[in-house]
Each structure stands twice: as structure tokens, then as C-alpha cells.
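Peer 1: Next come the chains, spelled out residue by residue.
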Amino acid sequence: MASRGGDELSSRSGSPDKEGGVSEDRSLLHQRLAVKELMDTEVTYLHVLQLCASDIRSRLQQLPQGDVDILFSNIDDIIKVNGRLLHDLQETASKEEEQVSLIGNLFLEFQEELEQVYKVYCASYEQALQLVEAYRKEPELQQEIQGIIEAVVPQAGSSGLGFLLVTPLQRITKYPLLLQKILENTPPDDSAYPVLQRATSALQDVNANINEYKMRKEVASKYTRVQHLSLRERLARINTHSFSKKTTRLSQLLKQEAGLVPRTEDKEFDDLEERFQWVTLCVTELRSNVAAYLDNLEVFLGCRLHECNLDIPGGPVVQYCNLARDLQLEAFLKFKQRLEGLVWQPLCSLARALVGPRNLIKKRLDKLLDFERVEEKLLEVGSMTYEEEATRHTYQALNSLLVAELPQFNELVMQWLGQILRTFVALQGDLAKQVLQRAEGSMAQLPHHHLSEPAFRKLVEDELGQTSNQLRSFQETFEKVPPPPTTQPLRPESERQGQALLSRYGPGKLYQVTSNISGTGTLELTLLRGQIVALLQNKDTKGNSGRWLVDTGGQRGYVSAGKLQPYRTVPSEEELRGQARPHEDSRRLTPEPTRAPVLSVPTMTQVVAAYPFVARSSHEVSLQAGQPVTVLEAQDKKGNPEWSLVEVNGQRGYVPSGFLARAPSPAPWGWSPPS
Amino acid sequence: MSWIPFKITQPKKQIVPKTVERDFEREYGKLQQLEEQTRRLQKDMKKSADADLAMSKSAVKISLDLLSNPLCEQDQDFLNMVTALDTAMKRMDAFNQEKVNQIQKTVIEPLKKFGSVFPSLNMAVKRREQALQDYRRLQAKVEKYEEKEKTGPVLAKLHQAREELRPVREDFEAKNKQLLDEMPRFYGSRLGYFQPSFESLIRAQVVYYSEMHKIFGDLTQQLDQPGHSDEQREQENEAKLSELRALSIVADD
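Note that the protein sequences, when read in sequence, are chains C and G. To convert, take the position in the first sequence, counting from 1, and add 17; that gives the numbering used here. To convert, take the position in the second sequence, counting from 1, and add 6; that gives the numbering used here.
Worth flagging that the hints you see were computed from the coordinates, not collected in a lab. Be aware that a few hints might be false.
Chain G side only, calculated, beta carbon under 8 Å to chain C, not exhaustive [what the hints assert, rightly or not]:
#1 119
#2 190
#3 204
#4 207
#5 215
#6 253
None of these values were measured; they are calculated from a predicted model. Just so you know, even glycine gets a beta-carbon here, dropped at the ideal spot from N, CA and C.
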């Protein structure tokens with residue numbers, strides 16, 4: 018092209034070489050001028066930036082720091098980068114021949130940094146502008162600001178803060194234009210040409226990317242915000258426009274589902290979205306599971322076991338109460354607090370962070386459906402309205418935003434999840450260590466700490482077996498406290514009746530009614546207190562031993578056994594034999610016990626006394642707890658196994674069998690009180 | 007019945023000495039407290055054991071749900087971590103079940119058995135009270151006749167009344183003595199009775215937490231975990247949150 022230009026010029030002026038040279042010189046001149054323009058404007062630009070950043074900013078003290086940050090954004094970073102750029106540019110000035118290609122290379126080098134640093138500034142410029150407008154509305158503040166600006170940067174004039182803050186935006190868009198000017202005045206066969214060309218398009222790319230970034234940010238902030246709208250605001254939102262939008266989208270979606278309209282397949286996005294869904298699921302489930310775990314932990318901590326008071330002064334019971342209290346008030350409490358702070362809170366933050374992307378994905382789909390409809394319309398009609406164009410842009414913005422950032426998002430969430438899980442494991446480990454330490458301390462003071470676990474378990478099993486027998490004997494003892502055996506005064510008929518029954522059935526079968534009985538069934542009798550009856554059967558036809566079949570002498574029928582008591586016409590022989598065994602007698606006279614008999618101790622076995630016993634007559638012998646005894650007979654003279662004949666300390670006598678324990682287990686060793 | 011002018015049912019002389027009555031009430035009182043404490047302890051133990059089992063189950067659910075997430079198919083590291091966690095949780099749950107079983111057997115059951123004696127005791131005390139009432143009533147009756155003019159019929163009635171009184175008095179005294187003997191013994195038996203249970207309880211904790219310590223120690227090593235302090239962990243969490251918030255797609259809340 019240059020040669021053609023040269024030809025043209027030469028045809029006008031006449032002499033070929035001279036004209037070609039002149040045009041070349043002219044280009045070269047323009048080129049040099051363009052380069053100079055680049056350098057000079059850079060110097061001025063940087064100067065203004067520095068004034069803004071230091072002088073003006075420091076004097077705007079009446080503004081809150083948050084505002085100042087928004088206004089000036091990352092101007093310091095810009096100054097750094099441009100400072101270096103200027104310095105390098107000025108260095109190229111000495112290398113005249115290669116200057117242009119050096120400049121080209123320089124811009125290619127700085128391309129990345131420029132993009133990074135300017136995109137941030139540009140994205141926050143809108144907000145800064147809003148602030149400036151807000152200040153303009155306050156006359157006093159506005160005057161002050163104006164004053165400062167005029168003092169520092171007189172050439173800004175009355176344009177104000179906005180004018181100054183826009184300079185970086187203007188500069189970054191100027192670079193491609195400046196480079197273009199240099200390029201235009203560079204011959205294409207010049208070695209610098211390709212470099213310059215690349216540099217120019219690079220800076221154009223930078224601007225495109227900055228715009229893209231800005232748009233994404235705007236779109237994101239519009240749709241991610243969790244909107245806390247009042248009811249009125251919500252109603253206001255539902256206008257015919259948005260309503261029709263929604264119905265249109267729905268019909269589009271249905272058309273897609275029905276296969277009537279091809280769905281815009283975007284495998285890359287779908288994969289991303291799928292992963293996002295799984296990540297969401299993971300976070301949501303983990304959060305609710307941890308919540309359940311914490312709830313159960315709460316209940317567990319609410320059981321104040323250490324507060325029980327069995328009035329036992331020492332030994333394992335006290336050890337346990339101390340242990341339980343320490344664990345609850347320290348180890349477990351701390352565990353819960355750490356769980357809440359280091360696992361639960363982060364999970365909640367994670368869950369909240371999911372909201373933004375979720376909304377965006379949904380919005381993208383909405384816009385996609387809109388967009389598809391628009392495309393359909395485009396095919397039919399051949400054009401689209403401005404609004405429809407906007408829809409396409411929004412969809413594309415959302416799509417590219419998500420495609421750009423979702424992978425990173427998913428990755429970050431997974432990393433964080435991993436961190437949280439590891440923390441969970443660590444907390445459990447710490448809890449185990451703490452509890453174990455404390456529990457081992459308690460265990461060391463227990464009487465049987467030296468025993469292995471299986472040996473101990475056997476010991477406990479045996480011990481509990483014996484003590485449960487003991488308990489049973491207590492229970493039986495208490496149950497054998499009989500109801501009052503009063504012989505009630507008889508009415509004459511009753512007495513005669515009694516005599517008749519006595520002769521017919523014998524003394525053992527006579528019972529007296531303790532309180533009035535009113536029979537309700539056909540076979541049941543109504544009897545008065547004091548009446549005598551004879552026992553025919555001590556259970557009814559169904560085997561119920563609470564209902565007895567009795568004979569009143571005149572009638573037969575069923576009565577409740579609880580309302581009868583044995584009737585003694587003459588003092589029994591056993592009574593006369595001595596008050597030594599009231600238990601025995603009472604036992605014989607009460608209704609047949611339905612409980613199993615007490616532990617029977619095998620004869621001639623080595624046995625110990627589990628419990629102290631005080632002899633009450635010459636037939637009995639006293640025992641001390643833990644004393645070894647020799648069992649001579651495991652029953653008394655009447656064959657009653659509740660009593661055993663033993664020899665102890667050279668003495669012989671009867672003792673309750675329930676008070677004896679089997680050898681060789683050293684029974685309440687270590688557990689009994691020293692008495 | 008204090009509004010009746012003639013206190014027929016109340017005898018004049020104090021048939022049960024104050025000291026005896028006081029002793030009885032003291033011993034019975036102690037046993038009543040013990041009953042309350044053992045019942046409460048049994049209930050709390052059961053509640054604690056249930057909560058313990060529930061906690062362990064929810065821990066297992068954590069790892070189970072993680073394992074069933076499709077992410078495991080895509081991400082080998084994640085799968086490894088979650089599998090290790092799941093194994094640990096399941097093992098802990100098994101040990102926990104064993105611990106609770108041991109506690110059930112050696113603490114809760116014995117507590118129940120101990121508590122089951124009290125109804126019989128309370129019934130016996132009631133019967134003694136009944137006997138006391140009867141005793142009082144008949145004693146009053148005798149006194150009434152003793153105060154009357156000694157005519158023939160009166161003497162006959164007096165004799166009969168005395169005859170009635172005797173077995174009742176003897177019965178009451180027998181009951182009273184029996185209970186006064188047995189109650190302290192029963193109360194004392196708690197010492198020997200509960201110590202094995204509580205020793206077993208402590209040991210069960212040691213067994214379980216040693217396992218837990220071992221299992222989680224191994225797991226920590228497996229997951230290649232640095233021993234961070236709590237502050238460090240908090241900082242890590244903050245850092246991750248900031249990184250997330252730096253993304254445009256994440257809303258600022």
C-alpha cells in the first residue's frame with residue numbers, strides 16, 4: 018500500500034524518489050508525533066492520578082472511609098502499573114530505531130496486568146458515580162469538595178470529582194486508539210508492524226474483556242441478591258409484563274420437554290450444573306445431619322447423672338459422680354462448643370453461599386427460554402426488538418459468567434467441605450483423648466482396676482447374681498408382713514356355722530372374712546365381715562389364684578382371696594413351740610406364696626455370710642458379713658428351705674438362707690463397707 | 007376426727023413410744039429418699055443411654071449420606087476420605103452399642119431390681135400402719151370399759167375387749183419390730199449393691215473411649231491432617247469464605 022501511496026504522490030510532484038521519500042517522511046513524522054503523544058499523555062495522566070490518590074484523597078476527611086474506598090477503588094494499583102509502564106516507555110526513547118517495536122512489545126507484556134487492574138476499577142466506577150451524585154445534592158459538602166479539587170487540580174475546573182475519577186476509564190480506552198495511530202503511520206513491511214498490530218488488537222481485547230467483566234458483575238449483583246421484599250413490593254412486581262414473561266417461559270419449557278422445540282444443548286454447562294447440584298446436596302445433607310447430631314448431644318448433656326445422691330460416702334459411686342460431672346461440665350461441653358464454631362457455623366456459611374449461584378442458574382434458564390423464543394421469532398419475522406436483544410445479551414452474560422466461575426466455586430466448596438470433615442474428625446479425636454484420660458484416672462482408683470475386662474465382667478455378673486438374690490429375699494421379707502390376724506368376734510350363727518365347718522373340713526381350711534364382700538357374678542358370694550368359710554379350692558376354673566371357691570356351710574361360691582384370712586380356732590402348735598420363728602409361721606399361714614423359693618445353698622459347701630444377721634433365739638446363730646460358715650443342712654426341721662442350719666465360730670444354729678453367699682467368689686470384697 | 011367429743015378411737019395412753027415412732031420415721035424416710043433417687047437415676051441413665059445411641063446413629067448417617075453422593079464417583083480423593091470416615095463411624099457405632107448393652111446389663115437392670123423392692127416395702131409399712139390403727143382402736147375400747155362402773159356385763163365386755171386387743175397388739179409389735187430390723191438392713195445393702203454397677207459403668211467408658219481414641223487417631227493419620235489449633239482452623243474457615251465471596255456469582259449477605 019505504501020508504494021501505491023508513493024506512486025500517487027510521485028505522479029503529482031513529478032520526481033519519484035523524492036516524493037516517495039517525502040511521503041515516507043510524513044508517515045514517519047506522524048508516527049513520531051503519535052509516539053510523542055502517547056508518552057506525553059501518559060505523563061500527564063499519571064500525574065493527575067497521583068494528585069487524586071494522595072492530595073485529594075487525604076483531604077476528603079469528612080467522608081466515611083467506606084465511601085473513600087469506593088470512590089478511589091484500586092487507584093493505587095493503577096498508579097503502580099502505569100508508573101512502571103511509563104518508566105519502560107521512557108527507556109525506549111533512547112533506542113530510536115527500534116522504539117516502535119519495543120513499544121509494541123511493552124504493551125504486549127503489560128496486557129495482562131492492565132486488564133486485571135483496570136477491570137476492578139471500571140467495575141466499581143458506577144457505584145463511585147452514584148456517590149458523587151449523592152454528594153452533589155448536599156450543597157455544603159459539594160462546596161467543600163469543589164474547593165479541594167480547585168486547589169489541587171485547577172484544570173479540573175468546575176467539573177468536579179466525577180471528572181477526575183473517570184480518567185482511568187478514559188485512558189484505558191485511549192490506548193488502542195493511540196496504538197492504532199502509530200500503526201497507521203508505520204509501513205507494513207516494517208519489522209515493527211506485526212508487533213504493533215498484535216499490541217493494538219491486544220489492547221482492544223483488554224477493553225472488551227473489561228466491558229464483559231463489568232457486565233457480568235452488574236448482572237450478578239442484580240440476580241444474586243436475596244431479595245427481602247415487602248408484600249407491597251412483591252405485588253408491585255407482579256405486573257402483566259413479568260406475568261406474561263413467566264407464562265411464556267413455562268410454555269417454552271413445555272415445548273422443549275415435548276420435543277417440539279430443540280433445546281439448546283450446552284454439555285459443558287450441564288455438566289457444571291450437575292456437579293453444582295451434587296455439591297449442593299452434599300452441603301445440605303451434611304448440614305442437617307450435623308444439626309441432628311448436635312441435637313442429640315444436647316439431650317445427652319441434659320442428663321445430669323452426677324447429681325444423683327444415693328447417700329454413699331465413697332468408692333466407685335462417688336468416683337463415677339465426679340467423673341460424670343467433670344466430663345459433662347468440661348470435656349463434652351467444650352466438644353459441643355468447638356463443634357458449633359468450627360463445623361456448624363462454616364456449614365451454615367456454605368449453605369448461604371449456595372444461594373447466589375442457584376439463583377443465577379435459575380435466571381439463566383429463564384433467560385434461555387426467553388432467548389429461544391426470540392430466536393424462533395427471529396426466524397419467522399426476521400428482526401428483533403431492542404428488548405429482545407437485551408434478553409439475548411443477558412442470557413449470554415449469565416451463561417459466560419457461570420461457565421467462568423462455577424468450576425472455581427465447585428472446587429472451593431469441595432475443598433472447604435474436606436476441611437470441615439477433617440475438623441470433625443479431629444474434634445472427635447480430641448474428645449476421645451480427653452475423656453479417656455479422665456476415665457482412666459478414675460479407673461485407677463477402683464478396687465478391681467487390675468483385673469482384665471473379661472475377668473471383671475465375670476466378677477460383676479456373679480456379684481449381681483448374688484445381690485439380686487439378696488434383693489429378692491428382702492422383697493419376700495417385706496411381702497410377708499401379713500395383714501392383721503385379728504380374730505373377730507363372731508355372731509352366734511357364725512359360731513355355730515364355724516363349728517360345723519370345722520368338724521367337716523378341719524382347722525386348716527377355715528378362713529374368716531376381713532371385710533364385707535359383695536359378689537357381682539352368678540357364682541360369687543356376698544359375705545359379711547366376720548363370717549367363717551371353708552376353703553374348697555384356692556383357685557378358680559381359669560387357674561386364677563386370686564379367686565377361691567369356698568363353702569359357707571349353706572352356700573358355695575367364689576370370693577376374692579384378698580378378703581380372707583386364716584381363722585384360728587385354737588392356738589396352733591407351732592405358736593406354742595416358741596416365738597423363735599415368727600417368719601416361718603407367718604409364711605405358713607398366709608396364702609400359698611406364688612414366688613420362687615430363695616437360693617438353696619448346697620450342703621457341706623464352703624459358704625460365706627453375705628450379710629450380718631442377729632440371732633433372736635437359741636435356735637438361731639448370729640452372722641457377720643463376710644464370715645465363712647459351714648452349712649450343715651440347707652433346710653429346717655420341717656423341710657423349709659428358707660432357713661439353713663449352719664455352724665459358725667463353733668456355734669450351731671439357724672440362719673436365713675438368703676443371707677448366705679456361694680463360695681469361692683470373695684463376695685462383697687472391696688465393695689462392702691468395712692464394718 | 008378431732009371434732010368428735012368422745013374420742014372413742016383414740017386411746018388415752020401413748021401406745022407407741024415417741025422414740026420408737028421417731029426411729030421408724032427416720033428409717034422409713036431415708037428409704038423413701040433412696041427410692042426417689044434410684045428411680046430418678048434409673049430414668050436419667052436410660053435417657054442418657056438413648057441419647058448416646060442416637061448420637062452414634064446420626065454420626066453414622068453423616069458418613070452414609072456422604073458416601074451415597076454422586077460426587078464420590080467423580081472425585082477419588084473425596085471418595086477415599088468419605089470411605090475412611092464411614093468405616094470409622096460404623097466401628098464406633100458397634101462399640102457404642104456394646105457399651106450401652108453393658109450399661110443396660112450392669113447398671114440399669116440392677117437399678118430396676120433394686121427399685122422393685124420398694125413397692126413391697128411400702129405395702130408392709132402400710133400394713134403396719136393398719137395394724138397400728140386397729141391397735142389404737144381396740145386400746146381405746148378397752149380403756150373405755152375400764153373407766154366404767156364395774157358391773158357384771160361391763161366386766162364381761164371388758165374381758166372380751168382385752169381378749170380382742172391382745173393378738174392385735176402382738177401383731178403390731180411383731181410388724182413394728184420386723185420393719186425396724188429390716189429397714190436399716192435394706193438401706194445398708196445399697197452400699198454393697200451399687201458399687202459393682204458403678205465400677206462397671208466407669209470401666210465401660212474406658213473401654214469405649216480407648217477404642218474411639220485409637221480409631222480416630224488412625225483416621226487422623228489417614229486423612230493427612232495437620233494438628234491445627236482452633237484459631238488456625240477459624241482462620242482457614244474465614245479464608246475459604248472470603249475466597250467464595252470474591253466470586254461474582256456469590257451474593258454478599
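Peer 1: Given a cut of 8 Å on the nearest C-beta pair, is the interface hint for residue 190 (chain G) held or broken against chain C?
Peer 2: violated, 11 Å
Peer 1: Against chain C, run the beta carbon of residue 215 (chain G) and see if the smallest gap drops under 8 Å.
Peer 2: holds, 4 Å
Peer 1: Once the shortest beta carbon distance from residue 204 (chain G) to chain C is found, is it less than 8 Å?
Peer 2: Since chain C brings a Cβ to about 4 Å from residue 204 (chain G), closer than 8 Å, the hint holds.
Peer 1: Using 8 Å as the Cβ threshold, decide whether residue 119 (chain G) counts as touching chain C.
Peer 2: holds, 6 Å
Peer 1: Per the CB criterion, is residue 253 (chain G) less than 8 Å away from chain C?
Peer 2: Constraint on residue 253 (chain G) satisfied, holds at 5 Å.
Peer 1: Hint check: is the beta carbon of residue 207 (chain G) less than 8 Å from a beta carbon of chain C?
Peer 2: This hint holds: residue 207 (chain G) lies near chain C, its Cβ roughly 6 Å from the closest one there, short of 8 Å.
The structure fails hint 2 only (numbered hints given earlier).
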